Amino acid sequence: AQTVTQSQPEMSVQEAETVTLSCTYDTSESDYYLFWYKQPPSRQMILVIRQEAYKQQNATENRFSVNFQKAAKSFSLKISDSQLGDAAMYFCAYRSPEGTSGTYKYIFGTGTRLKVLA
Amino acid sequence: DAGVTQSPTHLIKTRGQQVTLRCSPISGHKSVSWYQQVLGQGPQFIFQYYEKEERGRGNFPDRFSARQFPNYSSELNVNALLLGDSALYLCASSPVIYNEQFFGPGTRLTVL
Numbered sequence: 001a002q003t004v005t006q007s008q009p010e011m012s013v014q015e016a017e018t019v020t021l022s023c024t025y026d027t028s029e030s031d032y033y034l035f036w037y038k039q040p041p042s043r044q045m046i047l048v049i050r051q052e053a054y055k056q057q058n059a060t061e062n063r064f065s066v067n068f069q070k071a072a073k074s075f076s077l078k079i080s081d082s083q084l085g086d087a088a089m090y091f092c093a094y095r096s097p098e099g100t101s102g103t104y105k106y107i108f109g110t111g112t113r114l115k116v117l118a
Numbered sequence: 001d002a003g004v005t006q007s008p009t010h011l012i013k014t015r016g017q018q019v020t021l022r023c024s025p026i027s028g029h030k031s032v033s034w035y036q037q038v039l040g041q042g043p044q045f046i047f048q049y050y051e052k053e054e055r056g057r058g059n060f061p062d063r064f065s066a067r068q069f070p071n072y073s074s075e076l077n078v079n080a081l082l083l084g085d086s087a088l089y090l091c092a093s094s095p096v097i098y099n100e101q102f103f104g105p106g107t108r109l110t111v112l
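Chains as they are written, first to last, in the working numbering: chain U, 1 to 118; chain L, 1 to 112.
Next comes chain L alone, as it looks inside the complex (with noise of 0.2 Å):
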């Protein structure tokens, strides 16, 4: 089976661009999660989405926003972008939400 997969792998834009990334689950996953992972530190959690619906966030500017879809896959988007929003994007994935999650490669954003 496939794992988790996230589009594009890299990516870079410029101050005060929008960005969205994608993310397709496992097939079966039900949940999906997003991580900003900035170079040197661990992942911080974004959101968490289970049946369409959000069931986590973290501590995220509305800038940050993201939404899942009927099959699935997510999107995260990021508005009004940062130097500081540079960094791996990870989505997770698990069969419902308090399972085991499988991360994808990431999506590494470079904001100039």
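Excised from the complex, chain U in its bound form (with noise of 0.2 Å):
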């Protein structure tokens, strides 16, 4: 069965420094996306980044890019310049591919709570 593991359940970070969210997952599977989500306290989750399983590179946006590891099956978020709007809970995420009568399936790590100290 595919797992997600966010090992980190807080992390700080000082305002405008740099921070990196790990994350690992275990699949036998060749073709997935990876997610990382963005929860701020009582607001809606929203996507921050998402990653092809069968691209090499390394998906960036803004200030946020990921280091992903397909062989070591690790999928960590950078967030750079790091600002008080960035606190949040972070959310790593997979989805299956796609599987038997066009089904998918998604799974959600524990999260790292993101403080940023001003």
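Everything labelled a hint here was simulated from the structure, so no lab data went into it.
Careful, some of the hints might be misleading.
[Stated by the list, open to error] BS3-like cross-link-like pairs, simulated, lysine-lysine; straight-line CA separation at most 30 Å:
1. U:K73 / U:K55
2. L:K52 / L:K13
3. U:K70 / U:K115
4. U:K105 / U:K70
5. U:K105 / L:K52
6. L:K30 / L:K52
7. U:K105 / L:K13
8. U:K70 / U:K55
9. U:K105 / U:K78
10. U:K115 / U:K78
11. L:K30 / U:K105
12. L:K30 / U:K55
Since we're looking at a predicted model, the values are computed, not measured.
Need the complex rebuilt from these two chains, each delivered in its own frame; the hints are there to steer you.
This is the structure we're talking about:
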């Protein structure tokens, strides 16, 4: 069964500094998607960045970038120039390839709470 | 454009009761997924629907069921509520089944 593990329950970063959130996953599939979602307190979950497993190039979205190591099954998120608005729960998520009958499964990690210090 | 909407925002039920949660996807989105997020944990995938057909199911008991309507809105039903069903229930929509998902604000269910 696929699993997603986030081993850092909480992280802190000074404003304007860089922080890296870790995520490891386990799957026997070769074609899948990985995501990082941000959930601010009492606010909606939003997609931060996504990575297609068949792409070797690491995804980047402005201050957010990933380090995707497929062989190691590692998918870390780097936030550069951290801002106060980055404070939130961050979830790593895995989406399976299309299964029989066109089905999919999504698996989320337990999350990392990021605190940004002024 | 309006985002994903869910109703009600909060709900309090007692053990054994039944509950129906509703979700309206973003206009033009044909896929809806449901997640359960227990306090302090990540979302757990319950169902995904696309074009009114179930296209994904997580490891939840048969007390959980869902459907999608011709206008692509969706309902999640939970029967015989247990204390452990207390959670934030999230709905997410996407244009097609494999695209980025957009989440709604959730319905917080409390079972007493």
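Kindly indicate which numbered hints from before are broken by the structure, ordering the numbers from low to high. Failing hints: none at all.
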